[in-house]
Amino acid sequence: MNSTEAIFNGLKDSGIDFIVSVPCVNLTELLNLINNDDEITHIPVTREEEGIGILAGAYLAGKKVAILMQNSGLGNCINALKSLTELYEMPLVMIMSHRGTEGEGICGQVPMGKSTTEILTACNYTYFKPTTPEEAYENVKNAWKTSLEEKLPISILLEIKYW
Amino acid sequence: MQRRDAIENIIKNIDDELVICNIGFPSRELYDIKDRDENFYMIGSMGLVSSIALGLAISKPDKKIVIIDGDGAFLMNLGSIATIFSQHPDNLVWIVINNEAYGSTGNQETYAKNLDLKEIAKGVGFENSYNLEDIDFKDVLNKNELTFINYNVKAGNSKAPIIPFTPIQIKNRFMDVIK
Numbered sequence: 001m002n003s004t005e006a007i008f009n010g011l012k013d014s015g016i017d018f019i020v021s022v023p024c025v026n027l028t029e030l031l032n033l034i035n036n037d038d039e040i041t042h043i044p045v046t047r048e049e050e051g052i053g054i055l056a057g058a059y060l061a062g063k064k065v066a067i068l069m070q071n072s073g074l075g076n077c078i079n080a081l082k083s084l085t086e087l088y089e090m091p092l093v094m095i096m097s098h099r100g101t102e103g104e105g106i107c108g109q110v111p112m113g114k115s116t117t118e119i120l121t122a123c124n125y126t127y128f129k130p131t132t133p134e135e136a137y138e139n140v141k142n143a144w145k146t147s148l149e150e151k152l153p154i155s156i157l158l159e160i161k162y163w
Numbered sequence: 001m002q003r004r005d006a007i008e009n010i011i012k013n014i015d016d017e018l019v020i021c022n023i024g025f026p027s028r029e030l031y032d033i034k035d036r037d038e039n040f041y042m043i044g045s046m047g048l049v050s051s052i053a054l055g056l057a058i059s060k061p062d063k064k065i066v067i068i069d070g071d072g073a074f075l076m077n078l079g080s081i082a083t084i085f086s087q088h089p090d091n092l093v094w095i096v097i098n099n100e101a102y103g104s105t106g107n108q109e110t111y112a113k114n115l116d117l118k119e120i121a122k123g124v125g126f127e128n129s130y131n132l133e134d135i136d137f138k139d140v141l142n143k144n145e146l147t148f149i150n151y152n153v154k155a156g157n158s159k160a161p162i163i164p165f166t167p168i169q170i171k172n173r174f175m176d177v178i179k
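Protein chains in written order, with my numbering: chain B, 1 to 163; chain E, 1 to 179.
Fair warning: there could be bad hints in the mix.
[Unchecked claim] Beyond 12 angstroms from chain B on every Cβ pair, some chain E residues (computed):
1. ASP15
2. ARG36
3. LEU48
4. SER50
5. ILE52
6. LYS63
7. ASP90
8. ALA160
9. PRO167
10. LYS171
[Stated by the list, open to error] The list that follows gives simulated cross-link-like pairs (lysine-lysine, BS3-like), each with its CA atoms no further than 27 angstroms apart:
11. E:LYS154 / B:LYS141
12. E:LYS34 / E:LYS122
13. E:LYS179 / B:LYS82
14. E:LYS154 / E:LYS12
15. E:LYS171 / B:LYS151
16. B:LYS114 / B:LYS129
17. E:LYS159 / E:LYS179
18. E:LYS12 / B:LYS141
19. E:LYS63 / E:LYS154
20. B:LYS82 / B:LYS129
21. B:LYS151 / E:LYS60
22. B:LYS82 / E:LYS118
23. E:LYS159 / E:LYS63
24. B:LYS12 / E:LYS122
25. E:LYS34 / E:LYS154
26. B:LYS145 / E:LYS138
27. E:LYS113 / E:LYS60
28. B:LYS151 / E:LYS118
29. E:LYS159 / E:LYS122
30. E:LYS60 / B:LYS82
31. E:LYS118 / E:LYS154
32. E:LYS122 / E:LYS171
33. B:LYS145 / E:LYS154
34. E:LYS171 / E:LYS154
35. B:LYS141 / B:LYS82
36. E:LYS159 / E:LYS60
37. B:LYS12 / E:LYS179
38. B:LYS141 / B:LYS161
39. E:LYS138 / E:LYS12
40. E:LYS171 / E:LYS12
No lab work stands behind these hints: they were computed from the structure.
No residue lacks a Cβ here, since even glycine has one placed at the ideal position from N, Cα and C.
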């Protein structure tokens, strides 16, 4: 089980069947696996906030939902997470490529990368930072259930060194 | 004609369609005109009404979904029109009530006064994009095709009350009725 398969298997084994995404280069293989899976509906979106809205609608229809994005996208969807997902107590799994972390080659990623966990903490949202595929599989597999229990979005942050 | 009259006209013509309604006075007026379990009222997240409806339309292809959007909210989430057109659910009717104003915040002007929303949708590729005054609304509603409708009205809010339900109540009864 490599780093990508761990995330994919975790999503599958938790029953996630509806995903929206804005890509990251580190999510390329994962997005390919999801596109080739007949049980998962995958909707690419123009902006992460739009994706949070789409997932709310899919959840109302009974889907188990997740968003795949860069941590930069977290900044694009804070209000939707608060005044839609959290307000209506809709479960949500957020799989984030955490850029701007150790090994980052693009300076533009660094400021948001540094603030990402603090933003999640300020939101009172639980996050996990797995360092091995085994850990990532467990974190992702349990995320939907945890989100249902906490009535809040759950984040999995995948730092550059994870891949 | 103001927004409330437009919502009354929409509701008069719908049957068991699911209605996803924009935040603020649009939802309050819809609640006041005809509260029903098939209404989903937005309490926050301005701009996302069409996105919520898209997720629902894709997940429930056997249900007809009607969006009550506004011009300010439409412009706030303009990328949604690219996604909705590309996904092309044929069970979605997207109505933008266009009063050229941010109605719920005091009727400040939007840029919609400089734009033709019907032509924007056409330009994106919508085969069915209309101004409401040019169509038989009931006929259009009964077709099973992705549709965009610009509904021109004057700015102004009615005295609709605050919706007395919690967000959880709105969610639960909506989910129960579409199970």
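Status of each hint after checking the structure:
The non-interface label for E:ASP15 is consistent with chain B: the shortest C-beta to C-beta separation is roughly 19 angstroms, beyond 12 angstroms. Distance check for E:ARG36 against chain B: the nearest CB is about 15 angstroms away, which clears 12 angstroms, and the non-interface claim stands. Its beta-carbon lying about 3 angstroms from the closest one in chain B, E:LEU48 breaks the requirement of being farther than 12 angstroms from that chain. For E:SER50, the non-interface assignment is contradicted: its Cβ lies about 8 angstroms from the closest Cβ of chain B, within the 12 angstroms cut-off.
Not every CB of chain B is more than 12 angstroms from the CB of E:ILE52 (nearest about 4 angstroms), against its label as outside the interface. Once the 12 angstroms rule is applied to beta carbons, E:LYS63 is inconsistent with being away from chain B; the minimum gap is 8 angstroms. The beta carbon of E:ASP90 sits about 16 angstroms from the closest Cβ of chain B, which is more than 12 angstroms, so the claim that it is off the interface holds. Here E:ALA160 stays apart from chain B, with its beta-carbon at least about 20 angstroms from theirs, past the 12 angstroms limit.
For E:PRO167, the condition that its CB be more than 12 angstroms from all CB atoms of chain B is violated, with the nearest at approximately 5 angstroms. A Cβ of chain B approaches the Cβ of E:LYS171 within 12 angstroms, the least distance being about 5 angstroms, so the stated non-interface status is violated. Between E:LYS154 and B:LYS141 the alpha-carbon distance is near 51 angstroms, which puts this suggested pair outside the 27 angstroms criterion. For the proposed pair E:LYS34 and E:LYS122, the alpha carbon gap of about 31 angstroms is over 27 angstroms, so the pair is violated.
Taking the CA atoms of E:LYS179 and B:LYS82, the gap is about 26 angstroms. The hint holds against a cut of 27 angstroms. The straight-line distance between the Cα atoms of E:LYS154 and E:LYS12 is roughly 20 angstroms, inside the 27 angstroms bound, and the hint therefore holds. Restraint check for E:LYS171 and B:LYS151: satisfied, since their Cα atoms lie roughly 13 angstroms apart, inside the 27 angstroms limit. A threshold of 27 angstroms between alpha carbons decides the hint, and for B:LYS114 with B:LYS129 the separation of about 14 angstroms falls inside it, so the pair holds.
Using a Cα cut-off of 27 angstroms, the hinted pair E:LYS159 and E:LYS179 is violated, with the two alpha carbons roughly 33 angstroms apart. Annotation: proposed proximity of E:LYS12 to B:LYS141 is violated, straight-line Cα distance about 46 angstroms (limit 27 angstroms). Using a Cα cut-off of 27 angstroms, the hinted pair E:LYS63 and E:LYS154 is violated, with the two alpha carbons roughly 31 angstroms apart. Under the criterion of a C-alpha separation no larger than 27 angstroms, the hint pairing B:LYS82 with B:LYS129 is consistent with the structure, at around 22 angstroms.
A hinted pair counts as satisfied when its Cα atoms are at most 27 angstroms apart, and B:LYS151 with E:LYS60 qualifies at roughly 24 angstroms. Between B:LYS82 and E:LYS118, the direct Cα distance comes to roughly 32 angstroms. Violation of the 27 angstroms bound is thereby established for this hinted pair. About 32 angstroms separates the Cα atoms of E:LYS159 and E:LYS63, which puts this hinted pair outside 27 angstroms; it is violated. Annotation: proposed proximity of B:LYS12 to E:LYS122 is violated, straight-line Cα distance about 39 angstroms (limit 27 angstroms).
For the proposed pair E:LYS34 and E:LYS154, the alpha carbon gap of about 21 angstroms is at most 27 angstroms, so the pair holds. This hinted pair does not check out: B:LYS145 and E:LYS138 have alpha carbons roughly 43 angstroms apart, beyond 27 angstroms. As the CA atoms of E:LYS113 and E:LYS60 are separated by approximately 35 angstroms, the hinted pair breaks the 27 angstroms bound. For the hint pairing B:LYS151 with E:LYS118, the CA-to-CA distance comes to about 39 angstroms; that exceeds 27 angstroms, so the pair is violated.
Taken as a hint, the E:LYS159 and E:LYS122 pair is broken in the structure, with Cα atoms around 35 angstroms apart against an allowance of 27 angstroms. With a CA separation close to 25 angstroms, the supplied pair E:LYS60 and B:LYS82 stays within the 27 angstroms bound. Taking the CA atoms of E:LYS118 and E:LYS154, the gap is near 17 angstroms; set against the 27 angstroms cutoff, the hint holds. Among the hinted pairs, E:LYS122 with E:LYS171 is inconsistent with the structure: their alpha-carbon atoms are about 33 angstroms apart, more than 27 angstroms.
With a CA separation close to 47 angstroms, the supplied pair B:LYS145 and E:LYS154 exceeds the 27 angstroms bound. Of the supplied pair hints, the one linking E:LYS171 and E:LYS154 is violated, its CA atoms being roughly 31 angstroms apart against a limit of 27 angstroms. Our distance criterion of 27 angstroms between C-alpha atoms is met by B:LYS141 and B:LYS82, whose separation comes to about 24 angstroms. Simply put, E:LYS159 and E:LYS60 have alpha-carbon atoms about 34 angstroms apart, too far for the 27 angstroms limit, and the pair is violated.
At roughly 23 angstroms between alpha-carbon atoms, B:LYS12 and E:LYS179 fall within 27 angstroms of each other, so this suggested pair holds. The hinted pair formed by B:LYS141 and B:LYS161 meets the criterion: a straight-line CA distance of about 21 angstroms does not exceed 27 angstroms. The hinted pair formed by E:LYS138 and E:LYS12 meets the criterion: a straight-line CA distance of about 9 angstroms does not exceed 27 angstroms. A threshold of 27 angstroms between alpha carbons decides the hint, and for E:LYS171 with E:LYS12 the separation of about 24 angstroms falls inside it, so the pair holds.
When the structure is compared with the earlier hints, violations turn up for hints 3, 4, 5, 6, 9, 10, 11, 12, 17, 18, 19, 22, 23, 24, 26, 27, 28, 29, 32, 33, 34 and 36 and for no others.
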